[in-house]
Amino acid sequence: MISVRNVGYTYMRGTPFEKTALKNISFDVADGEVVAIAGHTGSGKSTLIQLMAGLIDLQSGAIEIDGLSVADGAIRRKVGIVFQYPEHQLFEETVGDDIAFSPRNFGLSDEEISARVTEAMRQVGLDAALKSSSPFELSGGQRRRVAIAGILAFKPKYLILDEPTAGLDPPAKENLLRNLFDKPRATIILVSHNMDDIARLADRVIVLAQGENIFTGTPRQLFARQEILRRAGLEPPPVMKLLHALGIDAVALTADEAEKIIARNHLPHPLNQPITRPPKDGRSPELDA
Amino acid sequence: MIRVEDVRHVYKTADERVALDGVSCTIDDGEFVAIIGVNGSGKSTLAKHFNALLLPTSGKIFVDGLDTAAAENLWHVRKNIGMVFQNPDSEIVAAIVEDDVAFGPENLGIAPEMIRQRVDLALDAVNMSGYKNFAPSKLSGGQKQRIAIAGVIAMRPKVIVFDEPTAMLDPQGRREILQMVKRLHAQGLTIIYITHFMEEAAQAQRVLVMDGGRIVRDDTPREIFTDTNEMRRLGFDVPIAVEMSDRLRKRGFKLPKKILTATELAEALQ
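Sequence lines, in order, name chains W and V.
Residue numbers 1 to 289, in our numbering, belong to the letters of the first sequence in order.
Residue numbers 1001 to 1270, in our numbering, belong to the letters of the second sequence in order.
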C-alpha cells in the first residue's frame, strides 16, 4: 500500500521565484488498484509522482510504500516509473541489453535476467527476434515498448506511468494498454490528461488543480461533476462530449453506455415523432421515411 | 506548389527499411492538407522530403518546379517551406524568446531593422507578443510550440509543414496550436499537417492516408472518416459521432449518411 500524508512542495523556497507546487495532499493507493492522477500542465502532478518515486526529497508530510519511507533506497526495487517519452532514455547497443539493465543492477543471475528479458518483451508485445537489434533502428512505438519492457523486467510491485501512450497511434496504444493493464498486473498510478483512458482504466481519480487535491472519487463520480473538470482545465471524455452535444445530461464511460442512453432518449423513428404534430397532408410519418 | 513524383525512400540501416514505396501527390498553394497514418506508415519520412531534410532514394520532388535534390535549389526550398516538429524543446535554440524567433531570419541574412519588424509581427501572429523577453524554459508546452511556429513564420515561408505538433501537448495546448494553424491557413499559407489526432485532421480540407509507405486514400475528411470499416482496417479510431451514428442505425434509427460531427448527429436526431 502507498500512503501519502499531508504532502506539500515548494520550488525555489526562500527566493523571489518561490512557487508552491503541492499543498497538503493526502491519499492512499491499495494493492491492485489503478489510481489516476489528472490535472492540467502545472497542476503539480509531475512533482507528486517524482516525490512518490523518491526522485526528489520530501519537504513536508510523509509518503510510505509498504511501510517504508520513500527516502529509503529499498523502495527503488518496488516502484517502477515510466516517464513521458521513455524512449529518449534508451542507451544500450541492443534491445536485450537495454531491457536487462535494471535486473542486472539488482544482481540477478544471467539465466534469471535472460528469462526476465524474454518475459518483459512478450508482455509489451515485442517480437523476440528484435532482442539483438539496435533500439535506434526501431520505430517510435517499438522504442517506447523497449523502454517500458526495461521497467517491467525488474517486476516492480508499483508502476507509475506518466502519459504512457502520448504520441502512439491507436493500435499501438491499445496494445500497450492491454499489456500493462491486463491482470496479473502491478498496482498502477496513471498520470494522464486523456479522460477516455481514465474512464476505461482507473478505479479512482485524484484531480489536482494549482497544487491542490480538488477531487477524489471514481471516474463516474468525476464526470458527473462538470464544475470540477472545468476548474481543473480538463476535458470530459469524447462520449460525454457527444452526450452534451445531444442535450443529454447523463454520465457514460463507454460508447456502449452512451448508445443505450441515446437510444432511450431518442426512440427510433417512427415512435420519435412528437405525437402532438399532425401528419403532413394526412400521410402517416412512416411513409415519409 | 509541391509535386511528389513516385518517391521511394529506403533508410540505410542494416535491414534497408523501405519507408516510402512509390508516393505521388500534388499539393497546391493555399491548401490545408492533413496526413494521417499509423507509426511507421511513412508520414514523417514524407514530411522531411518536402523541405529536403531527406532526399528521395528514387523519384522526384519539385517545389515551385524546382527539384529538391539539386543543391542549387536548396536555398529556395528551405526558405519557402518551414517545418514545425513534435518536440518544441528540441527546436528552441536561444535563451530569450525574441532571439529564438530572430534566429531563422538572421540566417537568411536579413537587415537587423527588418528582422526586428519580422520578429514582432511573427510573435503577434502567434499571440505571444507579451513574452518577448521571457526565457523559453519558463513557458508551457503550448507556448513553446507557438514560439517555434513564430520562428518559422519570421522566415516568411509559403508552406508550413507540421509534423505532429500537438503530440506532446495537453488538451489546452492542442487547442491553441490548432487555432493558430487555421488562422495561418486563412491568411493564405499552405499547410501540411501530420497528426495522430483524427479530430485535428478533420479540420483540414483534404486528408492523405498513408499505409505501408504509400498514399492509400486522398479525399475530404468527411469521405475518409465516415468510412468506418476502412478506418478500422487501417488502425485508426473512428470519430465518436460517426461510430455512434453507425450504432444507432443498427438499432433502427433512420439517420442521414456520412454524419461526421456531434452537432450533425444532434440535428439528425431532432
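Any given hint could turn out to be false.
Stated by the list, open to error - With a cut-off of at most 27 Å between alpha-carbon atoms, the simulated DSSO-like pairs for lysine-lysine come out as follows:
hint	chain 1	residue 1	chain 2	residue 2
1	V	K1158	V	K1132
2	V	K1158	W	K260
3	V	K1138	W	K19
4	W	K241	V	K1138
5	V	K1048	V	K1012
It should be emphasised that the hints constitute simulated quantities derived from the structure, not laboratory data.
For which of the previously enumerated hints does the structure constitute a violation, in increasing order of number?
2 and 4
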